[in-house]
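Asks: Sequence:
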Amino acid sequence: MGGSPGICRSVGRVPGNCSTPGAVVEPGVPGTVAGNSVVCVGASVVVVPGVVAAGGVVGAIFSTSAASFARHTSSSLRRSASRTPPERSAAPSSRFFAASASPAAISRSASCSCDVVSICATVELRPIANVPRHPLRLASFGPRALLPAAVTARWWRTDKARALFGGAAAHAYYRLDRPATSAVGMMIVAAGHRYGWPVAEGGSQSITGALAALLTDRGGKITTGVHVRDWNELPPADVVLLDVAPSAALGILGARLPDRVARAYRRFKHAPAAFKVDFAIQGGVPWADPECGRAGTVHLGGSFAEIAAAERDVAAGRMPGRPFVLLGQQYLADRSRSNGDLHPLYAYAHVPHGYTGDATEAITAQIERFAPGFRDRIVATVSSGPARLAASNPNYVGGDIIGGANTETQVVLRPRIALDPYSTGIPGTYLCSASTPPGAGAHGMCGYNAAQSALRYLRKGGGDVQ
Numbered sequence: 001m002g003g004s005p006g007i008c009r010s011v012g013r014v015p016g017n018c019s020t021p022g023a024v025v026e027p028g029v030p031g032t033v034a035g036n037s038v039v040c041v042g043a044s045v046v047v048v049p050g051v052v053a054a055g056g057v058v059g060a061i062f063s064t065s066a067a068s069f070a071r072h073t074s075s076s077l078r079r080s081a082s083r084t085p086p087e088r089s090a091a092p093s094s095r096f097f098a099a100s101a102s103p104a105a106i107s108r109s110a111s112c113s114c115d116v117v118s119i120c121a122t123v124e125l126r127p128i129a130n131v132p133r134h135p136l137r138l139a140s141f142g143p144r145a146l147l148p149a150a151v152t153a154r155w156w157r158t159d160k161a162r163a164l165f166g167g168a169a170a171h172a173y174y175r176l177d178r179p180a181t182s183a184v185g186m187m188i189v190a191a192g193h194r195y196g197w198p199v200a201e202g203g204s205q206s207i208t209g210a211l212a213a214l215l216t217d218r219g220g221k222i223t224t225g226v227h228v229r230d231w232n233e234l235p236p237a238d239v240v241l242l243d244v245a246p247s248a249a250l251g252i253l254g255a256r257l258p259d260r261v262a263r264a265y266r267r268f269k270h271a272p273a274a275f276k277v278d279f280a281i282q283g284g285v286p287w288a289d290p291e292c293g294r295a296g297t298v299h300l301g302g303s304f305a306e307i308a309a310a311e312r313d314v315a316a317g318r319m320p321g322r323p324f325v326l327l328g329q330q331y332l333a334d335r336s337r338s339n340g341d342l343h344p345l346y347a348y349a350h351v352p353h354g355y356t357g358d359a360t361e362a363i364t365a366q367i368e369r370f371a372p373g374f375r376d377r378i379v380a381t382v383s384s385g386p387a388r389l390a391a392s393n394p395n396y397v398g399g400d401i402i403g404g405a406n407t408e409t410q411v412v413l414r415p416r417i418a419l420d421p422y423s424t425g426i427p428g429t430y431l432c433s434a435s436t437p438p439g440a441g442a443h444g445m446c447g448y449n450a451a452q453s454a455l456r457y458l459r460k461g462g463g464d465v466q
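Under the working numbering, the residue at position 225 of the sequence shown is numbered 225, and the numbers go up by one with no gaps.
By construction, these hints were calculated from the structure, which means they are not laboratory data. Computed from a predicted structure; not experimentally measured. Hints are not guaranteed to be accurate.
[Stated by the list, open to error] Simulated restraints, written as ranges between beta carbons of each label pair:
#1 K221 x K460: 21 to 29 Å
#2 R263 x D217: 35 to 43 Å
#3 P143 x V382: 39 to 47 Å
#4 S303 x V382: 28 to 36 Å
C-beta: ideal position from N, C-alpha, C; glycine also.
Can you make the complete structure from the sequences, with help from the hints?
Replies: Shown next as structure tokens:
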């Protein structure tokens, strides 16, 4: 944490996790709304540049004046798209690595502009019923994004580059031979090249702490330890935002929901699950490829064909023998997370929805495959399967950590077909979770877009919003 509320130090430049030291979490441009109040329901408060949101149904309610709300939902995110990227440091490299995949290969093979994709990623992540701000650039990105990842992978000239792209595309949590699975992979790779990824000093909790301080500094109030089950448990407010799964919104809003919205929320499909293992390891991971020892995030899946096969099995409800595994070793950039030569490491695998087995050994074996001797360095483990994840946050339905399946329709029309998908059909009440466009990710655009809908509602009611 920095010395001031709202500031979270960003440290280091590991591949896939790099930013400028001393980065500031920006609140956005001040605005005013007269005489209104805002309530958000969720398990954790998340405020990204230009965004106010809250995650989950259990844990926290925060309320604030709409003036503060407007400040957080300003134009800072739009401005960020045109900023010059921070100057890259020499070591470690600011590339995005996967096991056995060279980032240079994907740089040589890429047939689309990272600038085009990154503009689309930071500015155009809005509901489909919108006029894009960059229509020509989006026209270049859109057709490619709609392709199956299995088709896009053919653009890369080497197996290593195809594997690298496959690991990024697998963040879609869906079969890679299905339409629109290229979009996630293209944006992740482009954003990694164009901007990099930040690592928060002291762990992700420092981000939450900084943002909570920013909110309370502006008059917001956060209430924790509350399980909101019914609308009547919420304090009076002009605007209510629910950062919850559609099923949780059904429970909270009950008969207040219009029938058409309630039906859509009941039909909403959830994604496959995650199985997470936290490791304490002695001496770091003994990667066979030393380049992987410089990356904050490593995708473990083998070739593109292996990754695609594992995702196909998971989508069909089968546990793959070699699941796709994502591994985080952010201690490489932030040594404050380690205790001497004892380091924290996390990894999670894609597993079938509601999976009841134990994937700890499968995850460990996949790491061992690319880092022989890894087992000998394990000091302790904590495993969290789908049931445990859902118990910690009811919005992780069946272990779904991305807020809903990225099927052909839900990837663009979620949680329902509507001009304003954030609206619940109840005046002043909005859904702002990853179950809304553009879906899961560390972009914050679900909350940002929902906030824009809420501000439009306040303006129609005569609120003084700037």
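Asks: Using the beta carbons of S303 and V382, state whether their distance is inside 28 to 36 Å or not.
Replies: Cβ of S303 to Cβ of V382: about 30 Å, so the range 28 to 36 Å holds.
Asks: Regarding K221 and K460, is the given constraint of 21 to 29 Å on their beta-carbon distance met?
Replies: holds, 26 Å
Asks: Taking 35 to 43 Å as the stated bounds, is the beta-carbon spacing between R263 and D217 within them?
Replies: Since R263 and D217 have Cβ atoms about 42 Å apart, the given range 35 to 43 Å holds.
Asks: With respect to the beta-carbon atoms only, verify the hint that P143 and V382 lie 39 to 47 Å apart.
Replies: holds, 44 Å
When held up to the earlier numbered hints, the structure conflicts with none and fits them all.
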